[in-house]
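Enquirer: Can you make the complete structure from the sequences, with help from the hints?
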Amino acid sequence: MNKPQYAIELVDINKRFGAVYANNKVCLNVEEGTIHGIIGENGAGKSTLMSILYGFYQADSGLIKVFGNSLQFKDSHEAISSGIGMVHQHFMLVDNFTVLENVILGTEGGALLHEGLREARKELTRLGQEYGLKVDLDATIESLSVGSQQRVEILKALYKGAKILIFDEPTGVLTPQEAQDLFRIFSALKNEGVTIILITHKLHEIIHITDNVSVMRAGKMVAQKVTSKTDREDLAELMVGRKVLLQVDKEDKDKGEVLLKVNKLSVLDENNIFRLKDVSFEVHAGEVVGIAGVSGNGQSALLKVLSGISNITQGSVEILGQKMDSKNPIFPDKLRELGLSHVPEDRLRMGLISEFSASENSIIGYHNDKQINGRFIMNNAKVRNECAKLMEGFDVRPADPDLKSSNFSGGNQQKLILAREFNRNPKILLIGQPTRGVDIGAIEFIHKRIIEMRNSGKAVLLVSVELDEIMSISDRIIVLCDGHISGRVDAKSADERTLGLMMANAYDTTNNLESN
Amino acid sequence: MNRDTRINWINRLILPVLNVLTAFAATAIIFVIIGVDPIEAAEILLYGAFGYQEGLGYTLYYATNFIFTGLAVAVAFNAGLFNIGGEGQAYIGGLGTALIIFAIDPNTSAWIFIPASILGGLLFGALWALVPAYLQAYRGSHIVITTIMFNFLASSLMVYMLVNVLREPGNMSPESQLFPQNSWFPFIHDLSTNFGFVMEESPLNVSLFVALFFAVIVWILIWHTRLGYSLRATGLNSEAAIYAGIKPKRIILITMCISGALAGLVGINELVGYQHRIIMDFHFGYGFGGIAVALMGRNHPIGIIIAALLFGVLYQGGAELAFELSNISRDIVVVMQGLIILFCGALQYMYKPWVINALAPIQKES
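For the record, the sequence lines run as chains W and S.
Count the first sequence with my numbering and you get residues 1 to 516, in order.
Count the second sequence with my numbering and you get residues 1 to 366, in order.
Careful: at least some of the hints might be erroneous.
Said to hold, decoys possible - Using 27 angstroms as the maximum straight-line C-alpha spacing, the simulated DSS-like pairs for lysine-lysine come out as follows: (1) W:K323 x S:K247; (2) W:K370 x S:K247; (3) W:K327 x S:K249; (4) S:K249 x W:K334; (5) W:K382 x W:K334; (6) W:K323 x S:K249; (7) S:K247 x W:K404; (8) S:K247 x W:K327.
Read the hints as simulated data drawn from the structure, not as lab findings.
What you are looking at is a predicted structure, and each value in this text was computed from that prediction instead of being measured.
Expert: This is the structure:
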């Protein structure tokens, strides 16, 4: 058998930040014209490795070979000129520029745009046809769907001559249907000889789409496998270093009385746009109601209204028998007293104050509690002790109450928030994106804790953009699209395809029907 | 943990010291350019500030004002508010002090006068900050703009008050009659004489202890109370504060009142402690100086006391310098102040990468 042609060879890459090895003797071989997956938990060193490959960082030692040539990238320009392109998780696009203008950004070619634009248009039309990337070149970025914006990023990389494309968590912002589209583009690119590196934490994507897969753990490359010869359980175990339960076990449970009742709720945001329209549902004690939907379809508004942060425009909400409407708001502190806990969607913007220590963060929302306050003075020592207990109970690492929150990993920050909210023994739990940016080991832990809360008779409202998560934890699923409820399903009879269609309702009508 | 503490030490101690030294070095260069020997100038400055009891008294007297205004800026800053109205709040606070003193019967005991005059300063300073705070919280007018405008308003108002209302009949200069003697804060040199130490006379009075007392209060308030917690939470992340059930608008009002009240105490030191009457422009420069003091002191009471002392030294030593050397005017103090603000404020992290690198080997060994 011939030795395969490698697009990328990385040999013994070392990169240290302070005392920590982000990459420790990492080797990677990517065959030309294949789709190569890289998986690993947060902090395993995937991003550092890709940043080295893309010229953001320089490796302390090690060898980089691109198409057989040894190279040392000083910046990303050099990486680009050697044929590497990157599609970031957060798109690097100018919102009010057209697609065409965005693509030529940085390669305008001369003081006058006219010539460059004409050249670019010709080239892009050719690329679009060749790879099946259909985008209106004259549309502004803000008018495009997220999936189309991603296609612009791909076009941009190809336009700059990329033969190797790196994708960083590309499906995080897409509907299942859009993700299918992306994978079709992957195949087209692969057929044209483009090499693709896919960084993801979604195991099913790896299994579904890649040819080879590399697994990283704690800065090291722990395995490189041919995808067809491995499976999800195997990969998960390699990532975490121990056996992982991917499916959450939960027994059936009779639901109790209604604790949260939402009645024809509508909410206008500050720009006078309806974020929620005529939404009604109930959550019973002892059940998890999952809210599915592509992000930005009213989930955030729903959580904010139910937790008392923003105001109701029309309709009403009954929380533990207390009625809340536009004339009678109940503020977050009162709702907490009633027995409502809220794990916010965006932990860095809302759930935590990153400059605060863990112990200070462990009392956000509960800083007026009698247990930790004297008449005037807050008992900081007690706050610290309580925080240490919380950290122990939820396995927050490092278990140091004095450590600044920004120094914890995403998973540990999230565990601290969950510990804070679960520990007060609430009756209703609002949980937003509990596992966003959280590593797989922590996900398992968090899911178990949520089910525990359900089993002990709490009413749980779970908002997540991860369909897997919604389907495995919820008892009932409600789909939000453009602020209204576009579907209700029992979790047992739910499948990804129907949910996906409900989510995309009136959102991306062209691609729905042909997906497999 | 280790890295955290190290960064804290660098931020709190090493960087400010390096920054101040840089400012001094820049001042030395200016001295050389205008033909003054910087070493001789430093000697004169330090002698003027510390070399004899009267000089030291003046240094501490000036420092007292800077502690008040520095604390004022720091409290607001911890809530994410930039109060540059210390100038006006100090001025109006002094007015409050004077009005209360004149309203009380002159024969009343000092034990009534002292708390009453402090209260007057606190109250009027707070009121002068409350209006901009309200405009920020409920009308969205930026606090920097409104507090600056209120400095001008305070100036005009005080001219009116001193010329038309408070001026002593028959006196041509815009100043009030003397406060009743019972209201005067004791001078330190008088107190020390009572205890058997004879000291040179200086304007230093017990307001210094009031200032230190409030420094402790501010420390407790910010780091050991619910209000302080809410205030810092609001300053660092107002969205998280709202999530926590804190009402940022209310926090803005309360914080600015506390901030204004602290600035309002400058009048205690200047008027009740030394001038014994209300005069024009007694507050001049301390409000803005307080911004620099708070910046240098990292918005922490201990840092503020140290920074206030430094500014006291600059004020007193700078005056001495202008007196001794003919080619230096008192404005050199303003230049030095400006350089300190430049290096401690605008360029505060200039040395950080360098310091971290320099300390890295030490860290590794331990």
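Enquirer: All the hints need checking, so say for each whether the structure fits it.
Expert: These are the hints, each one checked on the structure:
1. W:K323 x S:K247: 21 angstroms, holds
2. W:K370 x S:K247: 19 angstroms, holds
3. W:K327 x S:K249: 20 angstroms, holds
4. S:K249 x W:K334: 18 angstroms, holds
5. W:K382 x W:K334: 23 angstroms, holds
6. W:K323 x S:K249: Holds: K323 of chain W and K249 of chain S sit about 25 angstroms apart, inside 27 angstroms.
7. S:K247 x W:K404: 24 angstroms, holds
8. S:K247 x W:K327: 18 angstroms, holds
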